[in-house]
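Same order as they appear, the protein sequences are chains A and B. Those letters in the first sequence? Residues 154 to 722, by this note's numbering. Those letters in the second sequence? Residues 154 to 722, by this note's numbering.
Certain hints may be false.
Some chain B residues close to chain A (C-beta under 8 Å, calculated; not the full set) [stated by the list, open to error]:
#, residue
1, Gln585
2, Asp673
3, Phe691
Note that these hints are calculated values from the structure, not bench results. Ideal Cβ positions, reconstructed from N, Cα and C, are used throughout, including at glycine.
Protein chains: 2
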Amino acid sequence: MESWREKAEIKQKSILAKIPEQWLLPQALCVMPTTPDSPYLNVTTDAFMTEAGLSPRELAITSKTSIPEILASYESQEVSAEEVVTAFCHRAAISHQTTECLAEIRFADAIAEAKAQDEYLRVHKKLHGPLHGIPVSLKDQFRVKGLESAISYIGWLGRFETAETESLITKQIKELGGIIIAKAKSPSNLHRPVMNPHNRLLSPGGSSGGEGALLASRGSVLGMGTDMGGSIRVPSAYNHLFGLKPSSGRFSYRDLASSLGGKPVVPPVPGPMSASLDNVIHLTQSVIGGIDAWRRDPGLVPLPWRAPLLDEVRAEASTPGKGLCFAAFPGTGDDGIMRLHPPVARGVATAVRAARQAGHRVIDWTPPSHMDAAMIYGGLCFPTTYDIDDALKSGGEPMLGAVENMLKPTEKYRPKDMAEYYELFKKMKKYQEDYADYWESTRALTGTGRPVDGIIAPVAATAAVKHNSAYAFSYAIVYNVLDYSILTVPVTFADKNIDVADPQDAPHSPIDEMSWVPYDADIYHGAPVGVQIVGRRFEEEKVLALGEALSSALKAMTYEKYDCRGWRL
Amino acid sequence: MESWREKAEIKQKSILAKIPEQWLLPQALCVMPTTPDSPYLNVTTDAFMTEAGLSPRELAITSKTSIPEILASYESQEVSAEEVVTAFCHRAAISHQTTECLAEIRFADAIAEAKAQDEYLRVHKKLHGPLHGIPVSLKDQFRVKGLESAISYIGWLGRFETAETESLITKQIKELGGIIIAKAKSPSNLHRPVMNPHNRLLSPGGSSGGEGALLASRGSVLGMGTDMGGSIRVPSAYNHLFGLKPSSGRFSYRDLASSLGGKPVVPPVPGPMSASLDNVIHLTQSVIGGIDAWRRDPGLVPLPWRAPLLDEVRAEASTPGKGLCFAAFPGTGDDGIMRLHPPVARGVATAVRAARQAGHRVIDWTPPSHMDAAMIYGGLCFPTTYDIDDALKSGGEPMLGAVENMLKPTEKYRPKDMAEYYELFKKMKKYQEDYADYWESTRALTGTGRPVDGIIAPVAATAAVKHNSAYAFSYAIVYNVLDYSILTVPVTFADKNIDVADPQDAPHSPIDEMSWVPYDADIYHGAPVGVQIVGRRFEEEKVLALGEALSSALKAMTYEKYDCRGWRL
């Protein structure tokens with residue numbers, strides 16, 4: 154019997170072995186950098202991709218990541234699905250070798266499927282579906298026929314999925330014509346740490362971090378992650394991506410690999426991530442609009458895709474004299490629990506300023522205490538670790554230090570018995586009602602006749618953190634407790650010339666102290682900064698449209714640089 | 154300090170004290186009968202109501218219980234809301250004195266509100282809303298300003314509700330123009346047992362049993378109950394009523410009085426009950442179609458009222474050569490766990506036969522074992538009794554014998570620790586998926602191109618049972634575990650000349666043995682028998698239309714009498 158370290162090493166090698174030899178890179182391009190002066194910190198650029206062997210044609214193909222545009226190029230026969238999928242597989246191979254992002258590779262199958270799609274188009278003179286020939290990647294939790302779904306657990310290796318065990322989302326994506334090229338990692342002993350391709354000194358976040366790194370390198374057009382405490386939103390923000398965390402019941406969680414089972418914790422949800430907001434909208438519309446998905450998963454709510462919700466926001470945003478009303482935390486832009494790193498504070502201030510410049514209002518957001526939500530979350534979600542323990546034990550491996558560090562501070566919130574556990578559920582229900590009432594109460598303040606349309610909030614207190622640091626997650630989990638629908642929108646990048654540390658900065662609260670990561674302008678330079686636009690339960694269509702409005706506002710913004718307090722420089 | 158018995162007695166008297174003196178009945182009409190030869194067994198008849206003091210005009214008014222018809226009579230000024238509400242209050246007073254059905258009375262306020270509605274109509278020349286001047290009753294769990302919501306607990310007496318603590322459903326009904334005349338009892342030490350007005354030797358079922366008795370006496374036009382294990386469906390069947398148990402998230406449970414809190418058990422749901430299916434449809438459409446109720450209760454799903462689902466079934470049911478496809482348990486019509494009493498077996502067979510005569514198909518239903526659902530339910534719902542214990546202790550009262558009898562057999566299913574508790578949630582999710590897959594698999598068998606439209610199932614193994622017997626609830630709870638949408642449809646009445654006990658009958662299973670109630674043709678004579686039409690999650694509109702189809706089929710049925718095995722006599 155191999156030790157867990159040996160098993161992990163074998164798995165790592167088996168992933169690399171699925172990359173065609175001509176796509177393998179020299180060691181110099183792959184090795185993890187150690188200082189801000191190391192070469193190849195940012196591995197997303199055209200120059201780097203060219204050095205890594207991507208041809209000009211492949212570079213051109215993989216630079217076009219809008220699904221509607223790719224579909225149009227198939228219909229006009231400008232390019233074949235085979236060529237597109239091959240180019241993205243090549244780029245994904247580079248991405249994996251430079252960031253360690255992939256858990257499973259199926260390039261050969263993907264290219265064969267692309268050929269079949271080309272043949273379908275030739276014969277039927279129409280596309281197979283709204284994802285015809287689109288390269289898609291999935292977080293390792295999504296089960297795919299022929300691949301493993303070890304999701305970090307060494308003890309779970311060697312269980313190969315069949316058509317029967319495939320996740321419903323996998324089936325839906327295949328039925329829509331999508332081509333699954335790879336599955337992406339979560340942090341684990343099974344794999345080496347994933348690097349952030351924008352700055353490889355940093356982590357891409359978790360747990361959909363591999364997916365974030367792959368998409369940031371443009372190694373895939375569209376990915377699916379899952380989020381139970383920020384796991385879509387944090388890697389989206391850390392990698393300059395759009396990411397949708399839907400409410401529970403709109404995307405199927407059926408037959409995903411998980412050590413949680415059906416436990417009554419805060420619900421984990423799947424959702425799309427992409428560099429293109431159009432792609433996130435396209436995927437959501439295609440999957441949610443799919444006929445009768447709710448008949449195949451009793452956990453789904455039969456809410457169809459609601460175009461009017463999107464159209465109303467678009468009309469409101471584009472009509473002179475009208476406009477939307479956002480909300481944001483007042484003052485320094487934090488929630489009173491976690492102090493924001495300078496680039497994040499500037500990111501939020503920039504988004505607020507952009508919205509105002511575009512004619513929207515932004516009012517102060519002073520909701521029920523996020524500390525209450527953090528305590529409910531800690532108590533409800535972490536008694537479940539005995540299952541994680543079981544899965545770790547099955548492979549004889551220890552818990553990751555970063556995970557242990559994240560779980561440890563919450564120990565005191567864990568319920569001692571069923572009565573305390575039930576009490577937490579009561580508190581959660583009350584918190585949800587109080588937050589809903591607060592939101593509704595803003596109707597009197599917005600000037601639009603509606604309550605606040607969406608909240609502009611930090612995703613985490615930090616931009617992408619150094620490797621092996623746990624991220625501070627109060628900004629994410631409150632909205633898991635509320636089961637709200639949220640879109641992450643990329644805003645800016647950390648800039649050592651603007652985002653200067655305040656020597657007087659100190660943790661805001663005991664929780665802040667526990668996960669406090671000091672800001673270092675040199676190391677964080679280039680780290681992406683995003684914000685989350687928060688909508689209420691089941692407002693997916695609305696937050697997608699709010700994301701369009703905010704993105705347009707950011708693009709149209711009169712460019713001025715602001716420091717972390719929102720002051721003009 | 155009074156003992157709990159004294160406190161209960163004081164409460165009983167305070168209810169009676171709210172009945173105007175001229176409506177009080179002689180003791181002879183009120184006393185609980187003891188044998189099938191006792192007088193006044195059935196207190197629903199016109200003759201009895203006349204003897205109890207209802208005037209011919211009041212009798213005529215209270216015989217018209219269709220909301221659309223009542224609204225039309227207001228608009229045509231044929232009658233005033235004051236007169237209608239007064240007549241129903243009088244009838245409710247008779248109902249309470251003969252069945253002990255009410256927990257709270259607000260006749261005086263109701264009549265004053267009716268006068269205000271009349272004035273509104275006179276001034277504005279239009280109705281105040283879709284429930285304008287309609288007398289409505291509520292199970293005691295629904296909080297109403299100015300009333301208590303002790304819901305059976307002596308320790309909870311004396312807490313009077315305010316506008317702030319009112320249940321959202323109460324507010325919705327008031328906003329729609331409805332007039333709340335009374336709140337109805339659940340079984341408790343606080344109150345004497347409620348009697349079934351069709352046969353006062355029998356119970357009206359629980360826990361919305363007071364509501365069932367009131368509606369069966371036509372003391373109200375429409376009532377709201379709640380259902381977590383059959384508590385709407387069982388009293389609906391026992392009282393010859395239509396009752397809708399919706400899926401969780403369509404009717405608001407916000408701010409209902411409950412000893413459950415927000416615990417992650419099988420979800421309790423509110424739903425309407427009435428002698429008229431039109432009323433159940435009218436109420437559902439009005440409440441679900443209400444603007445933005447989901448903004449006021451984050452537990453609601455923003456699914457609007459979906460008329461097309463109703464219309465499709467209506468079209469399918471009325472088109473010659475088409476038709477619906479129902480399913481029913483094969484053989485003797487039971488689920489293999491609980492043997493059916495003869496009147497119930499005949500009721501199901503009658504419904505099946507009526508559906509077939511109307512041109513619909515009925516195929517065999519052999520789903521995943523209901524025993525599995527019973528074990529999941531027992532384990533998930535009954536660890537919660539410590540909260541019931543607390544509430545009982547606060548009043549110094551013991552647990553009701555019938556409730557103790559119902560809970561005791563489930564003790565062995567209770568989880569010993571959190572790990573076992575979590576395991577039950579996993580099993581529940583798996584059971585829901587297996588049942589959904591089974592349902593979907595019937596697509597190949599129905600001949601309609603659709604899977605089975607609805608299941609025709611018993612509601613309980615017995616018709617209304619003798620006082621202080623626990624009902625056998627396996628037929629109800631399986632669909633709480635599945636969170637399905639269900640309509641109860643009245644079918645027939647127990648008939649001692651047809652429904653003859655089989656001397657060889659014996660319990661089917663250990664569970665059956667625990668709650669086995671021997672059939673007695675003489676005692677059960679006249680007890681109502683209903684069936685439940687089961688739809689999948691969130692198919693409320695569909696099951697309402699299926700109920701219309703089955704009711705029409707029953708009315709149109711060529712009248713032949715069948716015994717309990719479906720054989721022609």
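Quick rundown of the hints versus the structure:
| no. | hint | in the structure |
| --- | --- | --- |
| 1 | Gln585 | holds, 4 Å |
| 2 | Asp673 | violated, 40 Å |
| 3 | Phe691 | holds, 5 Å |
Taken one by one, the earlier hints fail for this structure only at number 2.
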